Amino acid sequence: MTVKGYLIKNAQMPDGGIKDLLITDGRIHSLAVGINDATATIIDAKGCVVLPGLVDLHTHLRQPGREDAETVLSGSRSGAKGGFTAISAMPNTSPVADNAGVVEQVFRLGQQSGLLDVFPIGAVTQGLEGAALSEIGAMADSIAQVRVFSDDGNCVFDPLVMRRALEYIKKFNGVIAQHAQEPSLTVGSQMNEGEVSAVLGLKGWPAVAEEAIIARDILLVDHVKSRLHICHVTTAGGVEIIRWAKARGINVTAEVTPHHLLLTDELARSYDPVFKVNPPLRTQKDVMALREALADGTIDIVATDHAPHTMESKECEWQEASFGMLGLETALSIVQKTMVDSKLMDWAQVADRLSTAPARIGGYSDQGRNLEIGAKANVMIINPSASWTVDKDLVVSKSRNTPFHGYELPGVVTHTFFNGMATLIDGALINSGGSE
Amino acid sequence: MRHLLSISDLSKAEAVSILDTATELARVSDGAVKKLPTLRGRTIVNLFAEDSTRTRISFEAAAKRLSADVINFSAKGSSVSKGESLKDTALTLQAMGADAVVIRHGASGAPQRLADSEWMLASVINAGDGTHEHPSQALLDAFTIRKHCAKGAPDLAGIRVAIVGDVLHSRVARSNILLLNLLGASVSLVAPPTLLPVGIEKWPVDISYDFDAVIPSVDVVMMLRVQQERMSNLFFPNAREYSRYFGLNSDRLKLMSPHSIVMHPGPMNRGLEIAAEVADSARSVIVEQVSNGVSVRMAILYVLLAGQSLEAGEK
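Going down the list, the sequences are from chains A and B. Reading the first sequence from the start, the letters are residues 1 to 436 in the working numbering. Reading the second sequence from the start, the letters are residues 1 to 315 in the working numbering.
With the rest of the complex left out, here is chain A:
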């Protein structure tokens, strides 16, 4: 299909204004009321909202190593379906992305898919073992130009290792994305420690195990004047500590996942491991604190922690099951449901929390741009008045472990444009991104 770009008509901009937006040559060509262009494909976006393409700072793509659960390509397709134009591949693959070779492989696979930007995240420590620093400089200087480093899945527990990592990345303005989990307080932990875990007899994962590391790392980053990002904050107490740090001007950012904005530990009563995730689902009080923190900017961004798992690793006893949930395809709908429809945020704030701010934290310069003339056309469209029912058997991801199966959610992502190329039109993926 040869087209001379796309003309999006009568769309609501993040700021609420109604405009037309013309995409040609991979960029936003013009943005005004009443644009006409006979050569462009016209998209009637009346009633829809146009946002900069979504940027995920926390994605598990499972390649290399667990291509049965997800690949860079299948995860990219899942991302395009959800309105993403950039995702960030966590390094807990097999082999671990703790060297330039693996991050370049993942980066190249992303480029081959051509559906969105895949930015590899490098491991902080060799083999995610928390002892020796990985080749951080080599990954930063590789073609993947890694700026975000994380041992996600594991906490960089040793305070000296964390200090050194925070210092080392200052060389190229990197950031350490910390999975905050004090390991000795969470040996064998299965779910949030509280009233529900007490009844279910599942080993608790206490909030303090998260908050203690958040507090420690905030003090460390203040001491060495580097940049810290807290992955998937889940507790009201963690929010309070970050709020305190920001008030003191400490350079910390934080993310919350869509599932922690909606779901609680009550769901564990089913013993269905589709609700088993790390960090765990917390209480309603935590959920409300997270929403408030996202709205007031204490929490900077929404990141999916998209974590695909094969059926057999979820069709089993709770304590045998893997941690993690899918997230890319439902993220924006969950944010609309929890934050927009509840009047906590407007669409301009959504654009910030799901695109502009994560791109800024990750240093992704062609992503997260405000919709402005001349910018790379990374754009998505959502119809906020439509709704859809999540069906685990219809997800684009290779895996099926969505916790939202059967939920009717508001907001249908209709179009995604990556560097001016349509990857999703009328809700359908139009470019498969090649074969596996």
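None of these hints come from the bench; they were simulated from the model. Note that the structure is predicted; figures quoted are calculated from it, not measured. Check the hints yourself; a few may be wrong.
Claimed, not checked - With a straight-line Cα cutoff of 25 Å, these simulated DSS-like cross-link-like pairs (lysine-lysine) come out:
id	chain 1	residue 1	chain 2	residue 2
1	A	K203	B	K87
2	A	K285	B	K202
3	B	K87	A	K392
4	A	K203	B	K202
Unchecked claim - From the derived model, a few chain A residues whose C-beta atoms are all more than 12 Å from chain B:
id	residue
5	R27
6	V199
7	A268
8	R269
9	M311
10	S342
Built from N, CA and C at the ideal position, the CB exists for glycine as well.
Got chain A sorted already, so can you dock chain B onto it with the hints?
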């Protein structure tokens, strides 16, 4: 009622009905012919993915006295220990035509996974899952308490029970707390703070760290087993100190009120949570708990598989 996964599945009437049925069935067991034809032709599988000889043989005896066919599927030498999934085990049992599966499993919630799945249609009876529940043990304990303390009442209203020891890891404690509360008894938990779960505040119980203060005021002292692996995990300094504060020894036996009883779900650590002279004393009903276990498990199978309770005189 199709499954027995948790005491919270039961209404008070259902719980009392199981105890009443057990009373009737106990009379049968005392007769010359111990067997009833009720479950002839039905297949009951004992799926034991964790060692527990006493619970398994109790269920086996109960099923056989109701004339059911019993298949024992134990962890040792079975596919469960060889890494077959719970799903495949369930599909296998379904293909073999099991009417009920009595499951003992190390993972909390495994029985509920079986019951909620589409893998298997059989009734599921939880014979102890991880640190979650052990409902048949709670029912046999309630049966035993009713016999000794209820003075002919159908429930346990007004009876005071102390549950002592490792509540955190105890499925027996969780089921007993629910059932005793359902039947009107009051429950005091006595344990070191390390062995009480965070989140216990919402439970309908009193909590004490002082065993001596609680003993004189209760009708039942129910001791919990201390697992050896807790010793090395900082829950208490050592076995001697645990025993000194939370063991039921002969000095504490003297503090007990007249007519009060001592219970233990077994197997006991003599000399740790319970002294030998207490376990073997006249107040101990520990051996009787075992024989009551067969009657109560017969009643559970009867109610679940024959779909009715046994009224007095119906046999």
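Here's how the hints hold up against the structure:
Taken as a hint, the K203(A) and K87(B) pair is honoured in the structure, with Cα atoms around 23 Å apart against an allowance of 25 Å. Of the supplied pair hints, the one linking K285(A) and K202(B) holds, its CA atoms being roughly 16 Å apart against a limit of 25 Å. Using a Cα cut-off of 25 Å, the hinted pair K87(B) and K392(A) holds, with the two alpha carbons roughly 19 Å apart. A threshold of 25 Å between alpha carbons decides the hint, and for K203(A) with K202(B) the separation of about 18 Å falls inside it, so the pair holds.
The Cβ of R27(A) sits about 52 Å from the closest Cβ of chain B, beyond the 12 Å cut-off, so the non-interface label holds. Distance to chain B contradicts V199(A) as a non-interface residue, since its nearest Cβ pair spans about 7 Å, not more than 12 Å. Not every CB of chain B lies more than 12 Å from the CB of A268(A), the least distance being 9 Å, so the non-interface label is violated. Chain B draws R269(A) into its interface by the beta-carbon criterion, the shortest separation being 9 Å against a cut-off of 12 Å.
Separation of M311(A) from chain B is inadequate, the least Cβ-Cβ distance of about 9 Å not exceeding the 12 Å criterion. With a cut of 12 Å on Cβ distances, S342(A) stays outside the contact zone with chain B, its closest approach being about 28 Å.
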